[in-house]
Amino acid sequence: MTSSFTVHAASGYEQLMGRWSRRLAPKFIDFAGLAKGEKILDVGCGTGSLTFELTKSAGLAEIRAIDFSPVFVAAAKERNTDPRVTILQADATALPFTDGAFDRALALLVLHFVPEAGKAVAEMRRVVRPGGVVAAVVWDHLGGMTGMRMMIDTVAALSEAGRQMRNRYCFQPMMQPGEMQRTFVEQGLADVSETELTIRMDYQNFDDYWAPIGAGEGPLGKFMTTLDAAERTRVEAAVRDAYEAGRPDGPRSFANVAWACRGIVP
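For the sequence shown, this note's numbering assigns the number 266 to the last residue and increments by one with no breaks.
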């Protein structure tokens with residue numbers, strides 16, 4: 001499996017998205033549910049936003065976490081102090097666990113970066129016992145990521161390459177209304193439900209917003225690395241203007257919506 005998410009440094013990811021993943025994780029856990037004594041699998045753990053939120057539930061028996069990126073795995077292992085947690089590098093479309101090994105398999109902000117997302121859902125279903133829960137959540141890039149769309153629409157107005165990037169970004173897998181729900185049903189899950197989860201992304205200033213993107217982190221950062229120096233300067237100035245919106249630089253807050261889906265293993 002490959003991943004369409006670009007990561008250079010765990011610290012860069014933390015500034016780009018990890019801090020917001022931690023804000024989304026409790027809402028996702030409330031939606032997915034937990035019960036005392038359960039064994040949980042975190043698929044695509046990144047730097048551990050969901051993994052370490054799960055450790056706050058003292059009644060859980062075991063938490064396994066996997067990620068495709070060795071950068072993320074190393075960062076999560078370094079952070080871990082809970083003996084119930086095991087973190088390893090693995091492929092979401094070929095999970096290294098036996099059938100029915102877990103009570104729940106959860107995926108926070110990962111399925112839209114898995115080229116074979118349906119296969120990943122099938123694997124999550126396989127490793128969860130009958131009656132257990134499979135749940136996932138992804139950002140709504142098209143209609144729900146106001147802070148990121150600010151940059152996306154700005155660069156799309158500047159060049160054809162920007163327009164092509166917008167098309168890729170807004171229509172990644174699992175992001176359209178009902179798309180995850182249909183995939184869960186197609187993979188044999190029962191009692192499938194889908195909902196929206198909303199957080200806010202709060203930035204101190206433009207540099208707080210821009211630093212990880214300018215450093216090449218994530219899909220937007222990857223786009224920046226394809227530009228020459230003059231075009232990067234032009235894009236940064238245009239996005240800064242959009243961020244400031246005619247007011248002095250400073251704090252800005254953006255609403256962000258994610259699609260969450262849950263199903264039961266028959």
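It cannot be assumed that every hint is accurate.
[Claimed, not checked] The list that follows gives simulated cross-link-like pairs (lysine-lysine, DSS-like), each with its CA atoms no further than 25 Å apart: (1) Lys56 with Lys119; (2) Lys77 with Lys27; (3) Lys56 with Lys77; (4) Lys36 with Lys56; (5) Lys39 with Lys27; (6) Lys39 with Lys56; (7) Lys27 with Lys56; (8) Lys77 with Lys39.
[As the list claims (entries may be wrong)] Pairwise CB distance ranges (calculated): (9) Asp208 with Lys56: 43 to 49 Å; (10) Arg79 with Thr198: 43 to 49 Å; (11) Asp82 with Thr195: 37 to 43 Å; (12) Ala61 with Asp241: 51 to 57 Å; (13) Asp208 with Gly143: 34 to 40 Å; (14) Pro96 with Ala58: 24 to 30 Å; (15) Gln164 with Pro266: 22 to 28 Å; (16) Ala211 with Glu62: 33 to 39 Å; (17) Asp208 with Pro266: 44 to 50 Å; (18) Arg84 with Ala229: 31 to 37 Å; (19) Pro248 with Glu160: 51 to 57 Å.
The hints are simulated quantities; they were obtained by calculation from the structure and are not laboratory data. If you're wondering where the values come from, they're calculated on a predicted model, not measured in any experiment. Beta carbons are placed, not taken as given, at the ideal position from N, Cα and C, and that holds for glycine.
- Query: Hints broken by the structure, by number, lowest first?
  - Reply: 1, 9, 10, 11, 13, 15, 18 and 19
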